[in-house]
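J.: Each chain, written out:
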Amino acid sequence: MLLTILYIVGITAEAMTGALAAGKRHMDWFGVMLVASATAIGGGTVRDILLGHYPLNWIANPQYLLITCLAGLATTWIAPLVVRFHKIFVILDALGLIVFSILGCRVAMNMGQPVIICLVAAVVTGVFGGLLRDLICRRTPLVLHKELYASVAFIAAGLYMAQLHFGVSENIAIGVTLVTGFLLRLAAIRFSWQLPVFRIDESADKPKEEAKS
Amino acid sequence: MLLTILYIVGITAEAMTGALAAGKRHMDWFGVMLVASATAIGGGTVRDILLGHYPLNWIANPQYLLITCLAGLATTWIAPLVVRFHKIFVILDALGLIVFSILGCRVAMNMGQPVIICLVAAVVTGVFGGLLRDLICRRTPLVLHKELYASVAFIAAGLYMAQLHFGVSENIAIGVTLVTGFLLRLAAIRFSWQLPVFRIDESADKPKEEAKS
Amino acid sequence: MLLTILYIVGITAEAMTGALAAGKRHMDWFGVMLVASATAIGGGTVRDILLGHYPLNWIANPQYLLITCLAGLATTWIAPLVVRFHKIFVILDALGLIVFSILGCRVAMNMGQPVIICLVAAVVTGVFGGLLRDLICRRTPLVLHKELYASVAFIAAGLYMAQLHFGVSENIAIGVTLVTGFLLRLAAIRFSWQLPVFRIDESADKPKEEAKS
Chain A
1 MLLTILYIVG ITAEAMTGAL AAGKRHMDWF GVMLVASATA IGGGTVRDIL
51 LGHYPLNWIA NPQYLLITCL AGLATTWIAP LVVRFHKIFV ILDALGLIVF
101 SILGCRVAMN MGQPVIICLV AAVVTGVFGG LLRDLICRRT PLVLHKELYA
151 SVAFIAAGLY MAQLHFGVSE NIAIGVTLVT GFLLRLAAIR FSWQLPVFRI
201 DESADKPKEE AKS
Chain B
1 MLLTILYIVG ITAEAMTGAL AAGKRHMDWF GVMLVASATA IGGGTVRDIL
51 LGHYPLNWIA NPQYLLITCL AGLATTWIAP LVVRFHKIFV ILDALGLIVF
101 SILGCRVAMN MGQPVIICLV AAVVTGVFGG LLRDLICRRT PLVLHKELYA
151 SVAFIAAGLY MAQLHFGVSE NIAIGVTLVT GFLLRLAAIR FSWQLPVFRI
201 DESADKPKEE AKS
Chain C
1 MLLTILYIVG ITAEAMTGAL AAGKRHMDWF GVMLVASATA IGGGTVRDIL
51 LGHYPLNWIA NPQYLLITCL AGLATTWIAP LVVRFHKIFV ILDALGLIVF
101 SILGCRVAMN MGQPVIICLV AAVVTGVFGG LLRDLICRRT PLVLHKELYA
151 SVAFIAAGLY MAQLHFGVSE NIAIGVTLVT GFLLRLAAIR FSWQLPVFRI
201 DESADKPKEE AKS
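Protein chains in written order, with UniProt numbering: chain A, 1 to 213; chain B, 1 to 213; chain C, 1 to 213.
Treat each hint with caution, since some may be false.
Capping the alpha-carbon separation at 30 angstroms, the derived lysine-lysine pairs in BS3-like fashion look like this [stated by the list, open to error]:
#: 1; chain 1: A; residue 1: K146; chain 2: C; residue 2: K24
#: 2; chain 1: A; residue 1: K146; chain 2: B; residue 2: K87
#: 3; chain 1: A; residue 1: K146; chain 2: A; residue 2: K24
#: 4; chain 1: A; residue 1: K87; chain 2: A; residue 2: K146
#: 5; chain 1: C; residue 1: K146; chain 2: B; residue 2: K24
#: 6; chain 1: A; residue 1: K24; chain 2: B; residue 2: K24
#: 7; chain 1: B; residue 1: K146; chain 2: B; residue 2: K24
#: 8; chain 1: C; residue 1: K87; chain 2: C; residue 2: K146
#: 9; chain 1: C; residue 1: K87; chain 2: C; residue 2: K24
#: 10; chain 1: C; residue 1: K24; chain 2: C; residue 2: K146
#: 11; chain 1: A; residue 1: K24; chain 2: C; residue 2: K24
#: 12; chain 1: B; residue 1: K146; chain 2: B; residue 2: K87
#: 13; chain 1: A; residue 1: K24; chain 2: A; residue 2: K87
#: 14; chain 1: B; residue 1: K87; chain 2: B; residue 2: K24
#: 15; chain 1: C; residue 1: K24; chain 2: B; residue 2: K24
Derived from the structure by calculation, the hints contain no laboratory data.
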């Protein structure tokens, strides 16, 4: 129940960040709705397609698709507010990430998948919406460069499963995961924690180009 | 029957526009066939994957894949003709859009999907082929900027379903939808009807980038 | 058995080329693992999704995903070696291509698909990993420009199926296909064999842009 409410808050916030990205590419209303929806529910869609988990959530519950389309269109009116109060979106996005992670993990667990696949499902749910947004808008995907993001989804899902494994009741496990994951993500932003970055000079490019055509 | 003929005309025309896009990127024959096929049958493929509707149409009927590959290769010979008589392609593309929309709508209806999902299926079928083409060829997707396109697919599917709902016979419903949708699309091109565009200055970019990493 | 070993060699080599591409984009460790895995097992994933062949190979056998993630991370340590001994990767990549092609072909054959779909399955398995890598890293896909690559996968799959059709035992068919396909790919690189390229001047662009919006 709490998860459902937080899920709706999460997809709304994600849809709005998607709409802003569409606006920077001067897209029309259809493009705005498309990018908003891909950002908000694309991660869960990719997860379900990979797992063969049909019907997709937004096809069984089209109201979620309506919410993301409307949130996208609403953003075209209130963009200045969204940009101005972007700190609220940082918070909503962090909350959404943990909620997506828990929900993605549960889908895979309910299918009886092994632990590693449950972790992958959590990360895909949390991260691939933003990836799709950046692919459609032709930006280098932010999640592959910036502060801990996929890692937070990974850790949150691991924490959630570990608690269930050790007999913690579901509600408490969800609560602990939400609070811990949320604080971890905010700390990662605040202190600019990031994974090590792998850099290759383009000058090293030449010999490699022949290697893999 | 008529729909099948129009479908073949539609995928042939779409495959040719895909091949032209591949030619502008100096792709080889394999690339030409890939982009041609993605443009022509990619929309239906994405729709079927989202709906979990297997087998995919072109896997059950590989002749459609052969047609798009051959149409793509043929375009490498007759490109000057295609460019010269591009107005014919505007017309074929408009026809194809409505045919794709009706067929996509019918697939979802046969699965017993709710109305909103049938509309989404119609739009995905009509629009995602061009989206895939532009992603592979690394162009900003045209359908997200230009005259009414997705909207025409949406309206055509709505008109088709409304007629069936009110007891109009299938053949008449198809005919009315084809003519109306086709004229609507041509009118949109002629009079440059478009959806409102959402523009954000890149200067508004900075604060937002932090919000969603 | 031999195929399984070669498959593991193949995905390891592909994961390393994917990691190098990620390094040129200055991605973090998560990005490196994502691109490495997409390059190595993305082709089989796309094939299985198109065929509706569930569960996906790496979900049923998560150890393959672990291998590609670890190979990707390892590349961040030994990148200079990988770049220096790139000729070894040319060879491993050529081997991987034929192995992927045979395995992709077999999946479709086991599903009872017609010959043309088996050929498509082989090409998709061999080629789409590299395509996904180049899409995520925003490069124009190399496989659509360079020496025979998809064509080699196509020919290898055709040769394999032809042998089975004429009663050659499976092991011999695999051996003959591996050797022939491998030499064909190396010859294509050595002598720069390529498919004809389709070029259109951008000046021919203007009239066409109206044709397909």
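J.: Each hint should be assessed against the structure and marked as holding or not.
T.: Each hint tested on the structure:
1. K146(A) <-> K24(C): 16 angstroms, holds
2. K146(A) <-> K87(B): 47 angstroms, violated
3. K146(A) <-> K24(A): Holds, at about 20 angstroms.
4. K87(A) <-> K146(A): The hint holds at about 17 angstroms.
5. K146(C) <-> K24(B): 16 angstroms, holds
6. K24(A) <-> K24(B): Judged against 30 angstroms, a Cα distance of about 26 angstroms means the pair holds.
7. K146(B) <-> K24(B): 20 angstroms, holds
8. K87(C) <-> K146(C): 17 angstroms, holds
9. K87(C) <-> K24(C): 19 angstroms, holds
10. K24(C) <-> K146(C): Since the Cα atoms of K24(C) and K146(C) sit roughly 20 angstroms apart, the hinted pair holds (cutoff 30 angstroms).
11. K24(A) <-> K24(C): 26 angstroms, holds
12. K146(B) <-> K87(B): Answer holds: K146(B) to K87(B) is near 17 angstroms, not above 30 angstroms.
13. K24(A) <-> K87(A): 19 angstroms, holds
14. K87(B) <-> K24(B): 19 angstroms, holds
15. K24(C) <-> K24(B): Holds. K24(C) to K24(B) sits at ~26 angstroms (cutoff 30 angstroms).
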